[in-house]
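Using the sequences and the hints given, assemble the complete structure.
Heads up: the sequence lines are chains A and B, in that order. Read in order, the letters of the first sequence correspond to residues 1 to 463 in full-length UniProt numbering. Read in order, the letters of the second sequence correspond to residues 1 to 463 in full-length UniProt numbering.
Take the hints with a grain of salt, since some may be wrong.
Since copy identity is lost for identical chains, a pair holds within one copy or between any two.
As the list claims (entries may be wrong) - No farther apart than 30 Å at their CA atoms in a straight line, the calculated lysine-lysine pairs in the DSS-like style are these:
#1 322 / 279
#2 214 / 279
#3 214 / 322
#4 345 / 322
#5 357 / 322
#6 345 / 357
#7 386 / 340
#8 180 / 340
#9 322 / 143
#10 357 / 293
#11 214 / 357
#12 357 / 279
#13 180 / 214
#14 340 / 169
#15 143 / 29
Honestly, the hints are just simulated from the structure, not real lab data. Here the structure is a predicted model, which is why all the values come from computation and not from measurement.
There are 2 protein chains.
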Amino acid sequence: MTNLLPVLDHAAASVPAALERLFDLVRIKSISTDPAYKAEVQRGAEWLVNELRSLGFDATVRDTAGHPMVVAHHDGATADAPHVLFYGHYDVQPVDPLELWEHDPFDPAVRDIAGGRRIITGRGTSDDKGQLMTFVEACRAYKETIGALPCKVTILFEGEEESGSPSLKPFLEANAAELKADFALVCDTNMWDAETPAISAGLRGLVGEEIVVKAADRDLHSGYFGGAAANPIHILAEILAGLHDADGRVTLEGFYDGVEETPENIKASWDKLGQTADKFLGEIGLSVPAGEKNRSVLELTWARPTAEVNGILGGYTGDGFKTVIAAQASAKVSFRLVGKQDPAKIRDAFRAYVRSKIPADCSVSFHAHGGSPAIQLPYDSPLLNKAKDALSQEWPKPAVMIGMGGSIPIVGDFQRMLGMESLLVGFGLSDDRIHSPNEKYELRSFEKGIRSWVRILAALGAR
Amino acid sequence: MTNLLPVLDHAAASVPAALERLFDLVRIKSISTDPAYKAEVQRGAEWLVNELRSLGFDATVRDTAGHPMVVAHHDGATADAPHVLFYGHYDVQPVDPLELWEHDPFDPAVRDIAGGRRIITGRGTSDDKGQLMTFVEACRAYKETIGALPCKVTILFEGEEESGSPSLKPFLEANAAELKADFALVCDTNMWDAETPAISAGLRGLVGEEIVVKAADRDLHSGYFGGAAANPIHILAEILAGLHDADGRVTLEGFYDGVEETPENIKASWDKLGQTADKFLGEIGLSVPAGEKNRSVLELTWARPTAEVNGILGGYTGDGFKTVIAAQASAKVSFRLVGKQDPAKIRDAFRAYVRSKIPADCSVSFHAHGGSPAIQLPYDSPLLNKAKDALSQEWPKPAVMIGMGGSIPIVGDFQRMLGMESLLVGFGLSDDRIHSPNEKYELRSFEKGIRSWVRILAALGAR
Chain A
1 MTNLLPVLDH AAASVPAALE RLFDLVRIKS ISTDPAYKAE VQRGAEWLVN ELRSLGFDAT
61 VRDTAGHPMV VAHHDGATAD APHVLFYGHY DVQPVDPLEL WEHDPFDPAV RDIAGGRRII
121 TGRGTSDDKG QLMTFVEACR AYKETIGALP CKVTILFEGE EESGSPSLKP FLEANAAELK
181 ADFALVCDTN MWDAETPAIS AGLRGLVGEE IVVKAADRDL HSGYFGGAAA NPIHILAEIL
241 AGLHDADGRV TLEGFYDGVE ETPENIKASW DKLGQTADKF LGEIGLSVPA GEKNRSVLEL
301 TWARPTAEVN GILGGYTGDG FKTVIAAQAS AKVSFRLVGK QDPAKIRDAF RAYVRSKIPA
361 DCSVSFHAHG GSPAIQLPYD SPLLNKAKDA LSQEWPKPAV MIGMGGSIPI VGDFQRMLGM
421 ESLLVGFGLS DDRIHSPNEK YELRSFEKGI RSWVRILAAL GAR
Chain B
1 MTNLLPVLDH AAASVPAALE RLFDLVRIKS ISTDPAYKAE VQRGAEWLVN ELRSLGFDAT
61 VRDTAGHPMV VAHHDGATAD APHVLFYGHY DVQPVDPLEL WEHDPFDPAV RDIAGGRRII
121 TGRGTSDDKG QLMTFVEACR AYKETIGALP CKVTILFEGE EESGSPSLKP FLEANAAELK
181 ADFALVCDTN MWDAETPAIS AGLRGLVGEE IVVKAADRDL HSGYFGGAAA NPIHILAEIL
241 AGLHDADGRV TLEGFYDGVE ETPENIKASW DKLGQTADKF LGEIGLSVPA GEKNRSVLEL
301 TWARPTAEVN GILGGYTGDG FKTVIAAQAS AKVSFRLVGK QDPAKIRDAF RAYVRSKIPA
361 DCSVSFHAHG GSPAIQLPYD SPLLNKAKDA LSQEWPKPAV MIGMGGSIPI VGDFQRMLGM
421 ESLLVGFGLS DDRIHSPNEK YELRSFEKGI RSWVRILAAL GAR
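Encoded structure:
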C-alpha cells in the first residue's frame with residue numbers, strides 16, 4: 001500500500017488553494033429550480049469540467065432535457081484497480097428570504113464563530129458543492145503528489161438534484177455502460193456528530209398507499225341517519241387503529257418477513273453513540289418512544305419497519321360544526337421497509353387487511369404512491385469495513401455504521417439500474433442549515449473530508 | 001263536545017278561498033337570508049297580521065334586531081279553555097337556481113300531476129307558509145261557523161327561521177310572560193307517508209365535541225422520526241375506533257344511563273310502518289345497518305343514542321403524497337342523545353375517555369359545540385294521545401308517534417325558556433322538495449291539514 005502521508009500532508013497544505021477553488025464554484029448561482037438561473041447552472045457544469053480536465057479527467061458537459069450532467073473518467077493506477085462512481089450535485093437551493101442571510105450567499109468566506117469553530121459560509125457550501133469538492137480535492141492531492149489515482153474513477157455530477165432529478169433516470173438508462181462501476185460513492189450525507197464520521201449502511205424502503213373508504217352515495221344528516229348508516233370515518237379509524245398491536249408491532253400478515261435483527265455488535269456501537277429517547281425526542285417536544293417496545297430510538301428509526309398514517313381527511317373540517325355523516329373518508333399510509341421486506345407483498349397484505357374491514361355495503365379504492373425496497377449493505381461487507389477503517393484513522397472517534405430512516409432515491413437507482421451498491425459518506429453536520437438561510441460547511445469538514453477521501457480511495461484501491 | 005261536522009264541512013268547502021289567501025302569502029318574496037328582500041319579509045309579517053286581525057286576533061308586527069315576529073292572541077270559548085301557542089315561520093329559502101323551476105316560484109297554482117295527485121307549487125308552499133296556513137284556516141273555520149275557538153290561542157310567526165333564528169331566543173326571553181302557554185303546537189314537520197299522519201314524540205339531543213390531539217411541536221419527516229415519534233393520527237384513530245364495541249354500542253362509561261327501552265306497543269306500531277333496512281338504507285346506496293345490533297333502523301335513528309365522527313383532519317391531505325408525521329390531528333364528534341341522558345355527563349365521560357388514551361408526552365384540547373338533552377314526551381301523555389286520536393279520524397291510516405333523529409331548536413327553546421312541551425304535527429311529505437327548486441305542497445295536505453287542526457283544537461279544548 002502506498003505511503004499516504006505525503007498525500008495527506010499535501011491535502012492539508014493545499015486547503016487555502018482548495019478553498020479558493022470552492023469559492024469559485026460557490027459564486028456560481030446554480031439554482032436549478034429557477035429558470036432565471038439556467039445559464040448559471042450551465043456555467044457550474046462547465047466550471048467543473050474545466051476543473052476535472054485540469055486534473056487529467058476526461059470530462060464533458062452532457063446535455064439533458066433539463067440541466068446538464070458532468071461526466072468524467074480517470075484511469076486507476078493499475079489496470080485491475082477497482083472502479084468507483086462518485087456522485088454529487090452542483091445545483092443549489094434558492095436563497096430567499098435573502099434578508100435572513102448574515103452574509104451574501106454567493107460571496108463565500110471562512111469565518112470564525114463561537115467555540116473556536118471556523119465555517120465556510122454560502123449557499124451550497126454544505127449541500128453539495130463543499131462535499132463534492134472534498135472528493136475532487138482528494139483526487140488533486142493524489143495527482144499532485146503521486147500522479148495517479150488508486151482507483152479507476154468515474155464522476156457524475158448532477159445539476160437537478162434540488163429540482164427532483166427529472167433527468168437522472170433517463171440519463172442513467174442511456175449511459176448505463178459508461179457509468180457502471182464496481183460501486184458508487186455518494187457524498188451528500190452527514191457525520192454522526194462533529195467528532196464521529198458515519199457510513200450509512202442501510203436506507204429504509206417505502207411503500208405509500210392512499211385509501212378512500214366510501215359508504216353512502218352522498219353526505220348524510222347525522223340526525224336522520226346516525227346510528228343506522230355506515231360512517232366511513234369509523235371504518236377508517238378502525239382500519240388505522242388496527243394496524244398496530246399493543247406492543248407497537250405492525251399487524252399485517254407477513255409484515256416482518258425478511259426483517260432481520262441488527263447484529264449485536266452493531267447495536268452495541270449504536271448504544272455507544274449516546275443517543276437517548278430523551279435527547280432524540282426532546283428536540284421535537286416529545287419524550288415517550290412510540291412504536292415497537294423495548295427498542296432504542298436509533299433501532300426504531302434505522303433498522304425497524306414502520307406503518308405511519310401521513311394524512312387523513314373526512315367529513316366536515318371547517319370552523320364550527322356540521323352534523324354530517326360523510327360519504328367517504330381517506331387516508332395516506334406509508335410503510336418504511338428494512339432488510340428484505342418485499343414492497344409488493346406489503347402492499348398486497350395491506351390491501352387485503354383493509355378489504356377485510358370494509359362492510360359489505362361499503363367500498364374502498366386504493367392508489368399506490370411509490371414502492372421501493374430497503375437498501376441494506378451487509379454489515380460485514382469489505383467495502384463498508386474498508387471505508388470504516390479509513391474514516392476512523394482520520395477522525396477523533398471511530399466511524400459508525402448507521403441506518404437512515406429516509407430514502408435517497410439515487411442509491412436505489414444505482415442499485416436497480418446499474419446493479420451497484422453505494423457507499424454513503426459525507427461530512428455535513430446537522431446544523432449546516434442546508435436549504436435555509438446562512439448555510440455553512442465546517443472548515444474542518446472540508447479539510448478532513450478531503451483527507452478522508454484520500455484514505456478511502458487508498459483503502460478501496462488496495463486489493 | 002261541540003259537533004265538529006259543520007266546522008269540518010265549512011273547512012272543506014272553503015278550500016278554494018283558502019287557496020287564494022295562501023297564494024297571496026306565497027307571492028310575497030319573504031326570503032330572509034337575502035337583505036334585498038327585507039321589505040318583502042316585512043310585507044309578509046304585515047299580511048299575516050291583517051289576516052289574523054280579520055279573524056278577531058289581537059295581532060301585531062313585532063320588531064326585532066332582524067326580521068319581525070308576528071304575535072297574535074285570541075281567547076278561547078271558555079275562560080278555562082287550554083292555552084296553546086302555535087309556532088310557524090313565514091320566511092322562505094332563496095329560489096336559485098331559478099332556471100331549475102318548472103313554474104315561477106312566486107306565482108303559485110294548483111297543478112295536476114301523475115297519479116291523480118294535485119299539488120300547490122311555489123316557494124314556501126310546504127316550508128312553511130302552507131303548513132302555518134292550515135292552522136290559520138282551521139281558526140277561520142271555527143270563527144265562520146261557531147264564532148269561537150275551542151282553545152285560547154297565541155300565535156308566533158317567525159321571519160328568520162331559514163336564517164338560523166338569531167332573534168328568537170332574545171324575543172322569547174323578552175316576551176316570556178306573553179308567549180307562555182300550556183303547550184306549543186309546531187307545524188314544520190312531515191307525515192310518515194301520504195296516508196299516515198305523524199306526531200313527533202321524541203327528538204334526539206346533541207352533544208358536539210371537537211378534539212385536537214397534539215404530539216410533536218412541528219410536522220416531522222416520517223423517515224427520520226417514523227417508528228419513534230408519536231403520530232397523533234394513530235392516537236386519534238385509536239380513540240375513535242374505541243368509541244364503539246363489537247356490538248355497535250358506545251363504550252363511554254355511563255353512556256346509557258337514562259336511556260330507556262321504547263315501549264313494546266310503540267315498537268310494534270313502528271314495525272307496522274313497513275320500514276326496512278333495505279328501504280331506508282337503499283335510498284342512500286347502503287344495505288347493512290351500522291350501529292347497535294338487533295334493532296330496527298327506526299329504533300336506531302329515533303330512539304337510540306349514537307356517537308358519530310362528523311369530521312377528521314390530520315397531516316397531508318392534498319394531491320400526491322408527503323411522508324409527514326403531523327404535529328396534530330383533529331376530529332369533530334357528536335353524540336345524539338335520547339331519554340334522560342345528561343349532555344354534561346356525556347361530555348365529561350367522553351373527555352375522560354379521550355384523556356385516558358393520550359400518551360404522557362402528547363396533549364389534547366377540547367372545544368364544545370352545543371349540548372342539548374333529548375326531548376321525549378311520555379308516550380302515554382294525554383296531549384299526544386288526544387292529537388293522535390284526532391289525526392287518526394281525519395286520515396286513512398291511524399296516526400303514528402314517531403321519533404326524530406335530528407333536533408328542532410325551537411322545541412328545546414320552548415321547553416327550557418317557556419317551560420312547555422311541544423306537539424310536533426305537520427303535513428309535509430318527504431318529496432316536497434323544501435329548500436330546492438320546484439317546492440310543492442299536496443293539496444290534500446292543505447285541505448286535510450286544516451281539518452286536522454280543527455279536530456286537534458277540539459280534542460285539546462275538551463277538558
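Which hint numbers doesn't this structure obey? Failing hints, ascending: 9, 13.
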